[in-house]
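Participant: The sequence shown begins at 1 in my numbering and counts up one residue at a time.
Derived by calculation from the structure, the hints in this document are not laboratory data.
This structure is a prediction, so every number in the text was calculated from the model and none was measured.
Take these hints with a grain of salt, some might be off.
The calculated DSS-like cross-link candidates involving lysine-lysine, where the alpha carbons are at most 27 Å apart (straight line), are [stated by the list, open to error]: (1) K110 / K127; (2) K90 / K26; (3) K57 / K26; (4) K98 / K57; (5) K163 / K179.
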Amino acid sequence: MKIDAVIFDMDGTLFQTDRILELSLKDTFARLESEGLWEGAPPIEKYRDIMGVPLPKVWETLLPLHSEEVRERVDEHFLEVLVDNIQGGKGELYPHVKETLAGLKGHGLKLFIASNGLPAYLESIVKYYKLDRWLDATYSIEHVDSLFKSDLVHMICRKHGIKSGAVVGDRLSDITAAKDNGLLAVGCRFEFSLEHELKLADTIIEDLNELNQIILTVNGLNEIKP
1 MKIDAVIFDM
11 DGTLFQTDRI
21 LELSLKDTFA
31 RLESEGLWEG
41 APPIEKYRDI
51 MGVPLPKVWE
61 TLLPLHSEEV
71 RERVDEHFLE
81 VLVDNIQGGK
91 GELYPHVKET
101 LAGLKGHGLK
111 LFIASNGLPA
121 YLESIVKYYK
131 LDRWLDATYS
141 IEHVDSLFKS
151 DLVHMICRKH
161 GIKSGAVVGD
171 RLSDITAAKD
181 NGLLAVGCRF
191 EFSLEHELKL
201 ADTIIEDLNE
211 LNQIILTVNG
221 LNEIKP
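Could you put together the complete structure from these sequences and hints?
Facilitator: Structure below.
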């Protein structure tokens, strides 16, 4: 079937989260340390290992001995710092994000974000980089009670009448979400990806500019309109 929509992950797929991750984690854990609730270096590498899961799961992993109240406060502060860093221009998109979105939109495809990030965080990225010029809608994992990306993608497909599409992402949750919904799974071999997860994708890209040709091939076309 002809692909009529592409659903993108955000962190590690469109947005180079690594550019602001260390800064934001250091600030957040420095706050905890000042309150006597943390000792030592921030667990940056541990965060990298679980990158892509919803933030509540992140804090359960990084702060297993802390109370739910503390985790909620950490979550709020981390979000504030992330947004401040984005609006301060400290983040960066991956190469060819804008060209890819513009090309796909020019060919009439519907474009969406489906991310485990929180709404305010996603909105700050979309607005700062003016991605709403091409995106039809942006959805956070908070839009579904289950906190499973497969359910989020299902909701997007149902709401927007997507019959055949692709999910583009760097982690297993993106690939699984595509498979569970009968969509093409495009794995991104970017900085947070893991090879054993990418092997489950239908196809793998190493640069977003490869995506246009994949869609063209599936749809039996020759060129993406500028």
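Participant: Please go over all the hints and tell whether each is borne out by the structure.
Facilitator: Structure-based check of all given hints:
Restraint check for K110 and K127: satisfied, since their Cα atoms lie roughly 18 Å apart, inside the 27 Å limit. For the hint linking K90 to K26, the alpha-carbon distance of about 15 Å falls within 27 Å, and the restraint holds. Taking the CA atoms of K57 and K26, the gap is near 19 Å; set against the 27 Å cutoff, the hint holds. For the hint pairing K98 with K57, the CA-to-CA distance comes to about 31 Å; that exceeds 27 Å, so the pair is violated.
Distance check on the hinted pair: K163 and K179 sit about 14 Å apart at the alpha-carbon level, within 27 Å; holds.
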